[in-house]
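Q: Taken in sequence, the protein lines are chains A and B.
Take the position in the first sequence, starting the count at 1, then add 23; the result is the number in the numbering used here.
Take the position in the second sequence, starting the count at 1, then add 23; the result is the number in the numbering used here.
Just so you know, the hints here were simulated from the structure itself, not pulled from any lab data.
It is possible that part of the hints are untrue.
Examples of chain B residues toward chain A, derived with CB under 7 Å [said to hold, decoys possible]:
id : residue
1  : PRO38
2  : PHE62
3  : ASP75
4  : ILE78
5  : ALA104
6  : TYR114
7  : GLY117
8  : LEU154
Now the stretches of chain A that chain B is said to cover, found in silico as 3 or more residues with beta-carbon under 8 Å [stated by the list, open to error]:
id : region
9  : 25-39
10 : 93-102
11 : 105-118
12 : 165-179
13 : 193-200
With a straight-line cut-off of 25 Å between C-alpha atoms, the simulated SDA-like cross-links for lysine to any residue are [stated by the list, open to error]:
id : chain 1 : residue 1 : chain 2 : residue 2
14 : B       : LYS142    : A       : LEU37
15 : B       : LYS186    : A       : VAL136
16 : B       : LYS120    : B       : ASN39
17 : B       : LYS120    : B       : GLN77
18 : B       : LYS186    : A       : ASP158
19 : B       : LYS194    : B       : GLU52
20 : A       : LYS120    : A       : VAL181
21 : A       : LYS186    : B       : ARG180
22 : A       : LYS27     : A       : MET86
23 : B       : LYS120    : B       : SER191
24 : B       : LYS27     : B       : LEU199
25 : A       : LYS120    : B       : MET85
26 : B       : LYS186    : A       : LEU155
27 : B       : LYS186    : B       : HIS131
28 : B       : LYS194    : B       : ARG205
29 : A       : LYS142    : B       : HIS131
30 : A       : LYS143    : B       : ASN39
31 : B       : LYS142    : A       : ASP158
32 : B       : LYS142    : A       : SER101
33 : B       : LYS120    : B       : ASP90
34 : A       : LYS120    : B       : LYS142
35 : B       : LYS186    : B       : LYS143
36 : B       : LYS143    : B       : HIS131
37 : B       : LYS186    : A       : LEU37
38 : A       : LYS186    : A       : ALA53
39 : A       : LYS186    : B       : ILE156
40 : B       : LYS186    : A       : SER152
None of these values were measured; they are calculated from a predicted model.
Just so it is clear, CB atoms sit at the ideal spot from N, CA and C, and this is done for glycine as well.
There are 2 protein chains.
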Amino acid sequence: MQPKVYLAGPEVFLPNAVDIGREKKALCEAYGLIGLFPFDNEIVDEVKGRRDRQIFAANVDMMRQADAAILNLTPFRSPSADVGTVFELGYLIGLGKPVFAYTAVASHLRSRVPGAARKKGGDGWIDRSGLLIEDFDNADNLMIDGALGFVGHEIVRVDAGGKLSDLSGFKICLQLASDTLRVDYAA
Amino acid sequence: MQPKVYLAGPEVFLPNAVDIGREKKALCEAYGLIGLFPFDNEIVDEVKGRRDRQIFAANVDMMRQADAAILNLTPFRSPSADVGTVFELGYLIGLGKPVFAYTAVASHLRSRVPGAARKKGGDGWIDRSGLLIEDFDNADNLMIDGALGFVGHEIVRVDAGGKLSDLSGFKICLQLASDTLRVDYAA
Numbered sequence: 024m025q026p027k028v029y030l031a032g033p034e035v036f037l038p039n040a041v042d043i044g045r046e047k048k049a050l051c052e053a054y055g056l057i058g059l060f061p062f063d064n065e066i067v068d069e070v071k072g073r074r075d076r077q078i079f080a081a082n083v084d085m086m087r088q089a090d091a092a093i094l095n096l097t098p099f100r101s102p103s104a105d106v107g108t109v110f111e112l113g114y115l116i117g118l119g120k121p122v123f124a125y126t127a128v129a130s131h132l133r134s135r136v137p138g139a140a141r142k143k144g145g146d147g148w149i150d151r152s153g154l155l156i157e158d159f160d161n162a163d164n165l166m167i168d169g170a171l172g173f174v175g176h177e178i179v180r181v182d183a184g185g186k187l188s189d190l191s192g193f194k195i196c197l198q199l200a201s202d203t204l205r206v207d208y209a210a
Numbered sequence: 024m025q026p027k028v029y030l031a032g033p034e035v036f037l038p039n040a041v042d043i044g045r046e047k048k049a050l051c052e053a054y055g056l057i058g059l060f061p062f063d064n065e066i067v068d069e070v071k072g073r074r075d076r077q078i079f080a081a082n083v084d085m086m087r088q089a090d091a092a093i094l095n096l097t098p099f100r101s102p103s104a105d106v107g108t109v110f111e112l113g114y115l116i117g118l119g120k121p122v123f124a125y126t127a128v129a130s131h132l133r134s135r136v137p138g139a140a141r142k143k144g145g146d147g148w149i150d151r152s153g154l155l156i157e158d159f160d161n162a163d164n165l166m167i168d169g170a171l172g173f174v175g176h177e178i179v180r181v182d183a184g185g186k187l188s189d190l191s192g193f194k195i196c197l198q199l200a201s202d203t204l205r206v207d208y209a210a
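Based on the provided sequences and hints, a complete structural model is requested.
A: The following block contains the structure:
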């Protein structure tokens with residue numbers, strides 16, 4: 024049976040989320056994988072209850088079904104990744120699932136924090152509010168980079184201008200995932 | 024034995040992080056709990072290897088030891104919570120640990136996204152880049168609020184101007200945690 028891969032990322036907030044989801048799922052197939060994409064719109068509106076909690080439960084269910092996941096950690100409305108995707112990263116690692124991740128920026132976190140400056144008379148960097156900025160050449164917070172390093176594959180950084188829908192990092196992760204899950208496919 | 028509670032939050036980036044950590048640990052004691060606070064500075068600099076990965080491993084170790092966690096989800100450098108804390112929330116839920124969380128803002132996520140506007144000719148809200156904004160009266164992304172709701176306690180929202188070091192929400196979470204963990208303490 025083909026392994027199932029959960030596809031997480033902030034592209035669900037783009038106007039063409041459904042098209043991107045379909046494209047990602049088609050790419051998964053080409054690598055011998057089944058992509059599970061959270062098409063929130065598939066949640067039936069008529070069902071009684073809170074729609075947000077239904078989406079939460081559907082996503083959790085998909086993650087539990089998945090054999091692995093590929094996450095899009097491109098910065099979203101901040102110097103860091105989308106918190107929904109980061110929650111899922113943590114959850115999947117807690118469940119012990121193999122994860123792969125990419126970001127459409129090549130830069131390190133510090134370079135993206137507005138007003139980053141060296142701390143006066145000391146080591147390290149701070150932002151305009153005097154809050155410490157991590158300075159480890161990581162793509163994002165050390166827990167995120169650490170998690171990916173821990174499971175064996177550092178975050179794939181692609182210089183694609185932070186475009187949420189860019190798929191070059193995704194394709195590299197697909198290759199890693201199919202190698203790791205030992206899938207036979209005709210590339 | 025007193026239950027151990029992991030204390031997560033972006034206050035580790037404040038200049039007085041160590042003082043806040045000590046204060047939080049002391050409050051835990053008053054509620055019959057042992058607070059585990061990630062004092063990153065305790066990581067010995069002389070140890071060989073990457074310091075960021077040592078901090079990651081130390082935090083993971085603390086979370087695995089913990090019986091529960093209290094997380095500070097106050098917005099950090101964005102409309103949303105600190106991604107490090109959100110990663111930990113996901114991880115702890117994946118491990119099946121009871122979690123409690125608070126934020127020092129009472130507002131919902133949509134109200135904090137810059138340039139939020141109604142979508143022309145349709146339902147819903149978008150930001151200046153045309154990206155969808157969730158509109159569920161949640162404190163943050165639906166995966167975050169959903170996770171807390173799922174484990175039984177919604178995010179505690181306190182109107183404290185987004186002050187990262189505010190402890191009023193933390194105290195409410197301590198009460199919830201000690202009730203849930205059935206701790207006897209003299210309040």
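Q: Decide, hint by hint, whether the structure agrees.
A: Now for the hints, and whether the structure bears them out:
| no. | hint | result |
| --- | --- | --- |
| 1 | PRO38 | 6 Å, holds |
| 2 | PHE62 | 13 Å, violated |
| 3 | ASP75 | 4 Å, holds |
| 4 | ILE78 | 6 Å, holds |
| 5 | ALA104 | 6 Å, holds |
| 6 | TYR114 | 4 Å, holds |
| 7 | GLY117 | 2 Å, holds |
| 8 | LEU154 | 4 Å, holds |
| 9 | 25-39 | holds (count 5) |
| 10 | 93-102 | holds (count 3) |
| 11 | 105-118 | holds (count 13) |
| 12 | 165-179 | holds (count 8) |
| 13 | 193-200 | violated (count 0) |
| 14 | LYS142(B) with LEU37(A) | 13 Å, holds |
| 15 | LYS186(B) with VAL136(A) | 19 Å, holds |
| 16 | LYS120(B) with ASN39(B) | 28 Å, violated |
| 17 | LYS120(B) with GLN77(B) | 23 Å, holds |
| 18 | LYS186(B) with ASP158(A) | 24 Å, holds |
| 19 | LYS194(B) with GLU52(B) | 12 Å, holds |
| 20 | LYS120(A) with VAL181(A) | 24 Å, holds |
| 21 | LYS186(A) with ARG180(B) | 33 Å, violated |
| 22 | LYS27(A) with MET86(A) | 9 Å, holds |
| 23 | LYS120(B) with SER191(B) | 23 Å, holds |
| 24 | LYS27(B) with LEU199(B) | 14 Å, holds |
| 25 | LYS120(A) with MET85(B) | 20 Å, holds |
| 26 | LYS186(B) with LEU155(A) | 15 Å, holds |
| 27 | LYS186(B) with HIS131(B) | 16 Å, holds |
| 28 | LYS194(B) with ARG205(B) | 16 Å, holds |
| 29 | LYS142(A) with HIS131(B) | 33 Å, violated |
| 30 | LYS143(A) with ASN39(B) | 16 Å, holds |
| 31 | LYS142(B) with ASP158(A) | 39 Å, violated |
| 32 | LYS142(B) with SER101(A) | 22 Å, holds |
| 33 | LYS120(B) with ASP90(B) | 6 Å, holds |
| 34 | LYS120(A) with LYS142(B) | 37 Å, violated |
| 35 | LYS186(B) with LYS143(B) | 35 Å, violated |
| 36 | LYS143(B) with HIS131(B) | 22 Å, holds |
| 37 | LYS186(B) with LEU37(A) | 31 Å, violated |
| 38 | LYS186(A) with ALA53(A) | 23 Å, holds |
| 39 | LYS186(A) with ILE156(B) | 18 Å, holds |
| 40 | LYS186(B) with SER152(A) | 12 Å, holds |
Hint check: violations occur at hints 2, 13, 16, 21, 29, 31, 34, 35, 37; the rest are consistent with the structure.
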